[in-house]
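S.K.: Using the hints, position chain W against chain R.
Just so you know, the protein sequences line up as chains R and W, in that order. For the first sequence, our numbering assigns the number 878 to the initial residue and increments by one for each residue that follows. For the second sequence, our numbering assigns the number 878 to the initial residue and increments by one for each residue that follows.
Source of the hints: derived by calculation from the structure; they are not laboratory data. None of the hints are false.
For identical chains, the list gives no copy identity; a pair is met inside one copy or between any two copies.
Listed next, the in silico DSSO-like pairs over lysine-lysine satisfying Cα-Cα at most 30 Å (straight line):
#, residue 1, residue 2
1, K1015, K994
2, K994, K1180
3, K994, K886
4, K1261, K1163
5, K1290, K1180
6, K1009, K1163
7, K1434, K1460
8, K1180, K1014
9, K1015, K1163
Quick caveat: nothing in here was measured; it's all calculated off a predicted structure.
Protein chains: 2
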Amino acid sequence: MYAGGYTGKVLRVDLTNKTFKEERLPVEVAQDFIGGAGFTVKYLYDEVPADCDPFGPANKLIFAPGPFTGTTVPCASRIAVNARSPLTGAMGVATSGGHFPVEMKRAGYDVIIIEGKAEEPTYLWIKNGEVKFRDAKKLWGLTSADTQLVIKDELHDQNIRICCIGPAGEKLAKIACIVNERRVAGRKGLGAVMGSKNLKAIALRGEGQFTVADREKYDAARKRMLAGMRKSPVLYPEFSRYGTSTTLDLTQALGIYPAKNWTATGVFTPAEKIGGYAIESRSAGKTACSTCPVGCSQMRLAKEGPYAGVFTEGPEYETLYSFGGVCGVDDPDAIIACDRMADELGLDTMSAGVAIAFAMECFERGLLTLADTGGLDLRFGNDKAMTQLLHMIGERQGLGDILADGVKVAAQKIGKGSDKYAMHIKGLELPAYDVRGAKAHGLSLATAFTGADHNKGYAFQEIFGIPVPYPVDRFAYEGKGRLCKWNQDARTAVADSPTMCVFLMDMAVADFMFENTADIMGGATGLEYTPEEVHQVGERINNLARVFNTKAGFTRKDDDLPERLKTEPIADGPSKGELISQKDLDFMLDEYYEARGWTRDGVPTREKLEELRLGYAADALGL
Amino acid sequence: MYAGGYTGKVLRVDLTNKTFKEERLPVEVAQDFIGGAGFTVKYLYDEVPADCDPFGPANKLIFAPGPFTGTTVPCASRIAVNARSPLTGAMGVATSGGHFPVEMKRAGYDVIIIEGKAEEPTYLWIKNGEVKFRDAKKLWGLTSADTQLVIKDELHDQNIRICCIGPAGEKLAKIACIVNERRVAGRKGLGAVMGSKNLKAIALRGEGQFTVADREKYDAARKRMLAGMRKSPVLYPEFSRYGTSTTLDLTQALGIYPAKNWTATGVFTPAEKIGGYAIESRSAGKTACSTCPVGCSQMRLAKEGPYAGVFTEGPEYETLYSFGGVCGVDDPDAIIACDRMADELGLDTMSAGVAIAFAMECFERGLLTLADTGGLDLRFGNDKAMTQLLHMIGERQGLGDILADGVKVAAQKIGKGSDKYAMHIKGLELPAYDVRGAKAHGLSLATAFTGADHNKGYAFQEIFGIPVPYPVDRFAYEGKGRLCKWNQDARTAVADSPTMCVFLMDMAVADFMFENTADIMGGATGLEYTPEEVHQVGERINNLARVFNTKAGFTRKDDDLPERLKTEPIADGPSKGELISQKDLDFMLDEYYEARGWTRDGVPTREKLEELRLGYAADALGL
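Bound conformation, chain R alone (with noise of 0.2 Å):
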């Protein structure tokens, strides 16, 4: 039996019928999932056919916050998301940090599952074991911050967290995302399955405090991590000050910023316009998730021009990529307002950032004409174009329509040999990091289980140079592909999961992660762990999603990267002529399956299914 850190109660809330129940956590899944991420991916394998229509009712909407969400554990608010993705159609796992998580486990819940959909707009109101379904016929259509004011004071509490949509997830934009307050699960287009559930938001209210089941232990665990975290030097003063903008002058050093929808990498380098030391300028103070003493959050204000008085919390480094770099913008003010549309319309901002790239070089080789774009001059660089084209996304409006489901779709829709420009892979798009440069990283993106996520398996030894558990050549392929299996265990056992700040797990208590997550467990929980079996619980996690891809059509050949990656090398910079070709590419995927007992296929074995209890999924494959 559990204690502490749990709430021990599964939501399960069916839409379509209006009803409501509580469900007992089993024990087997808290000790083999620890929470989070794992929850979600657990629950979705079980309950979600791999074949469902993303935007059926058949499709699945999870929500768990981790057994350190709510304790004093810090920077533990946060709270995985997962369906089956509308955008990749793999498992759609996303990430947010904030106070709803926080607020989700004092209202009870380990896991809120939501089925079904309504047959009306509707919001869900959810206080004291009480789940009410309301009318949000009035709300729809409305912004993220609107719809979050608007149900605090429709509810008289501002104290309510929430998470919601904006209007691209009401229109079922593919790359649309879950906002709770500014933050937001951006990737996958989970926004659009709570559309298509015609669900506009879920409001929260709690009050449940939390024991931990070994005091002395856990303390001892907190200590230890808090110590950890102080001598950090990219939390402190780095991340804390800058927030993670910096990495863009990490990333631009390495000659790894991709710049033009990755025709321009090393070419572009605007680090000193809208680098982290740069963009301080644009300073409106930072704030922090629930329990987070690093407050990596930092809140900007455009200065100058037609973006003059726009604010947003971030833009991320991510963000300084998607609305910057690959886009061949520089504008500081241009990035901060689009950063800010797309938190209101409910866009994920590195998939509509690219899939706007990607419209700038098709109308820069001619694919796509001023009739195409409705007028719109969508050079590389302009600014204007950018944000009137993201505003046309999130209301589907002409280009913005078929640049709304990513660029995977857009370019079927477009043809002409657009393809080779969707930077995307298994359908999502690519994140900021040039990985000709950076190969761990680049079978990362490949062989994660939710596309091209730089969530999932982030190669800090590449790229930022932290030595666990061994220093590594970035421009090596050996050794990658049993790192990349380390790196994506360990982020889905220790941060993901538990729930835990994947910045804290990278770069404060590296060298002892798993140790501390196992020591964390035992105190908050009372579920024992050794340091080994916390990594195999992210082994267990990544297996049992591998085995819903496999189910899904998913095979080996969607282990890929973009052909622009395999064939051209980067343009110019310190990774100058770097690529990873298709020979290189399978050298490490090769690696990498047989790091994880997988067949050459990647498909994985009975043998090592059973040796992470999941048999169940053995069956499944028929093996």
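M.R.: Positioned in the frame of chain R, the structure of chain W alone reads:
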């Protein structure tokens, strides 16, 4: 001694020295001025030189809710704000509703007096009798909604209520307002006074509870009031369902809805597009001020074209004029978008819209060229140009910089006889009633101590046909001087001072408003009044304000109407041919001054002032 509704405390905040102190509210001030507007007039008169620089440290910004605010009396969550107005040079009382007023009372204060000027951008955080002077440098430039969001997050308290300024107030736009939640103390440029003091916001939190002095009397009066409300055909269903917007349908039917800078009243009649019944198609629900059962605040969402997705609380009737008819615009979505933008920038929608209409007429007459407008095609009806110019006003860019100080100053700067098209009285832009067809209303605008103020003596007899104290002919001049005095004193005494929503006092309990106010005052506070004494409080306040204005240099010649209203008849419709000639105005003024017991020059006499216990004001005038 009073009890109940009052807290009995005045908070005095010195921004220059970063100090504060609490003072006792004298019982005679309570007895003679009731609260709200009355208190702010009394304190401003006593403490602020009538000839001070409105933007200098000698000016003070005074906030006062009323004795019923925070009690269970419905519709009493209102607040009066006062300062010497930078727009008019006169007393600048404005009022607002929402939740801030109740929070201020619960925080413990009947009056807050802001003095001096902060050295750097500051906001105040008032709780538990403490005032903290917090750094607002990082908030400088933020819109009103963002300011409130960020402060709540920064103080880790979502229940804080905040009033603040937007960019327009920071930039000393003389038509800037003060925003709390999505409501405003809109007129007379009080936002600019706040900006001149480097005061971005006041954040409050309180937990005070209120007792009543005489429960039986209080309950009886409150019950009668609620019964009166229920029988009002204006409140239910009209205002409850449509808000103030249906006033447009009414004023159009009366032929007094002003259009195209007052050149096309009765000609441009857009009710079927933007009237209350039409704009219901944009409904996004409704909300209410604290303790209000009516909930006139309609929320609306722009549906079509470039404005789609913009949400606002409003637009109120006045804004359906200022961004509608007076600019020749009949696009509901454009009006919604401008309403929101004005709130965010912290601009008075009324003055801003009339300023744009003024610029439009100047443009159509060739007094402004495309070079002057920065390329904007400023013809009446161009909603996109209106929207852009509004943004330019808030940010003081180009022509917007000129208009940001209101039409009086703008006409001086533009010259070329443009002052003929500047529709203002005492510098305050005209509200949405073409008073050529409602004579007492016109006289009220001409004589109100704040300038052309729709809220200082509303002639509901002429507009809504409510026969209290007797029915009137809206086109007649005879008797309008007496009626105007009655209205101004009534409004001040039973609405702006206690502080009660004007809709209630005009439309629901008009026939027993003085009696009712006297009863609630007695019940709530223990201070005893006859109905006549209540009315006299209004007279006292209007006289004291008049003395302030006289000291500031105002004379009979300032009790005027724009030339156009005196010389150009209404073009068409049910009020066609009407105007108020100088002769007719003089006739009404003579009667008005006589009714007031003032000289023919409009100066209060010693006799009248002493009758009102304002002998000190007679001394000040050297009478």
